[in-house]
Amino acid sequence: MPPNDQIIIEVDGLTVGYGERVVLREVNFRVRRGEVFMILGGSGSGKSTLLKNMIGLYPAVAGRILIGGRDIVSATGTARQEILRAFGVMYQGGALFGSLSLEGNVSLPLEEWTRLPAGARTLLARLKLQQVGLGDFAGYLPSEISGGMQKRAAVARAMALDPGILFLDEPSAGLDPITSAELDDLIRSLSRNLGITFVVATHEMASVYAIGDRVIMLENGSIVAEGDPVQLRDHPPNDYVRAFFRREPQKARAA
Amino acid sequence: MISGDASSQSATLRVERGAGEIVLSFVGRLDDPAVAACWTRALAEVRRPPGPVTVDCSDVDYCGGAGLALLIALEAAAKERGAALTLKNLAPRFRALYDAVDRAKLEKPLAPEHPDQGWIARLGRATSDQGLEWKSQTEFVGEVSAGVVALAARPRKLRLREWWLIADKSGTNALPIVALISFLTGMIIAFQASIPMKQFGVDIFVVNLVALAMVRELGPIMTAIIFAGRSGSAFAAEIGTMKVNEEVAALTTMGLNPVRFLAVPRVLVGLAVTPVLTLYSMAMGVAGGVAVMLLRGFPLAALFNQLENSVRTQDVMAGFIKSFVFGAVVAGVGCLRGLQTGAGASAVGDATTKAVVTGIFCVVVIDAIFAVIYYRLNF
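Going line by line, the protein sequences match chains X and P. Quick note on our numbering: the first sequence kicks off at 295 and runs consecutively. Quick note on our numbering: the second sequence kicks off at 4 and runs consecutively.
If you are wondering where the hints come from, they were derived from the structure by calculation, not from laboratory data. Cβ atoms here follow ideal geometry from the backbone N, Cα and C, with glycine treated the same way.
Stretch by stretch, here's where chain X covers chain P in the computed footprint (C-beta under 8 Å, at least three residues):
(1) 29 to 43
(2) 342 to 354
Simulated restraints, written as ranges between beta carbons of each label pair:
(3) X:470 <-> P:324: 55 to 61 Å
(4) P:22 <-> X:406: 43 to 49 Å
(5) X:312 <-> P:317: 56 to 62 Å
(6) X:386 <-> P:191: 51 to 57 Å
(7) X:402 <-> P:82: 25 to 31 Å
(8) P:145 <-> X:386: 37 to 43 Å
The following block holds chain X by itself, in its conformation from the complex:
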């Protein structure tokens, strides 16, 4: 275990369910500052639910999620707002506001949360768009650019307030391999240059090897493996992990 000040997210005994159905069962893990942490798992394994719990969208049945030492599960009011400000989220489809230009999308959180003058907000929004490679498209509407560009713009919006953590939900979903690789490059460079911690939910193995420092793998709401992606591939601790990394169909799967 690294020293405590390097732990930026701590998930402790997290249990989540909808009605009778338990989606996450006693999940525990830690994310270190500055790493690219990936949540792996098949469809329906609970990775989206886990991510949505970590960003405070879903309520937990039991457990704690500490972000920068503060529990997002129990926080309310201003304390909660403070925690929310510390991270940015890129949603699966981008979730850009269709009526605003890219620049407008990026400067929206700046308008709400900072006292920067209008000129500063515009300049900052353009800088952020440039950092994700969209410097030429600041005035475009989301509908006028491609899906991959929309995702990069969503990353720019998530970074608007200089968060220490970025949560990405399926960044490569619906993208071609080249665009997907470009997005991986972007994540790598942001992680190196800006020291941002990434938490990525995905099932795209190529990007797991390309950018993942550490992964956890979920199956049926529990963590079945944790560690370095290459090591998990070469020494899988169980059949499910082997099947997942080698893309084998699993006949004896319970669900």
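Given the coordinates of chain X, work out where chain P should sit on it, guided by the hints.
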């Protein structure tokens, strides 16, 4: 602290104006509160001549996006008045970000080119759009009519369970609101009319007035407007969302005609439900008028006598016949607007608005046409 590594204070700005030189030093974290606080002052200092500018960042331990924007803005301001700007001692990892900025691209307008076309082109486009709109409306009417006829030939094609669900939502669930509005309208008319009519001693005829108004005009119109607001809008929103989700496209590629599949059942619901609601509305409106007259001391028998003598079967029929047309048109307009939905979240809202507005507009116009026809026919 989550962002950055240092937990120092927000940066402060120190300005020294020496002999022909300006030195700006920042001390602390260059985060957004710090930048917001010193943005205007720092820019003003750089813009004020004379001499080159030095920005000293020796004591900056964190430089966020806002800090970067400030440094870039200062550089641009210095350049504007022809002075040089030297950036000193910015930590390498922030310096790399600063150097990576493409200055030229920050100044361009950056919007896609939408050339202005001049009024002739705009007029032509508007005319052609309107023509296309009429064309699509005509096509839609034709397709729905063909669909209804085809369904009449093979009634088993109607998905009865779904139809019943829609009819239940737009019919049964509308009963309370129709009752409330009609009853109150009947009461209000009776109240307002009875005051002046009493001066002439003819206030017993208030019942005739309320009954004829409700049965011939207000019942059908108000029901149609409620139907447009409750169900026409719902049809547009439902079909519009399906369009946005590509469900309508899925129907088309499966070889199913979206008009027959989505619009025809709803138009049939309109045809079936609106007349019933209209009869209910007429009864409720008359009941409202009668209630007021009872409160004003008229005996029930006298009121019924008045009703019997004034309202003929053909008056009820006049309202009843109209309601079929209203129901079909309002439901059809809702479906048409839904199918015309464009892309994006606001498109569904636009479709819903248009469905209600066009629906009410059509109802009023059709009512006027019916008034003329009934007058000519002496109906």
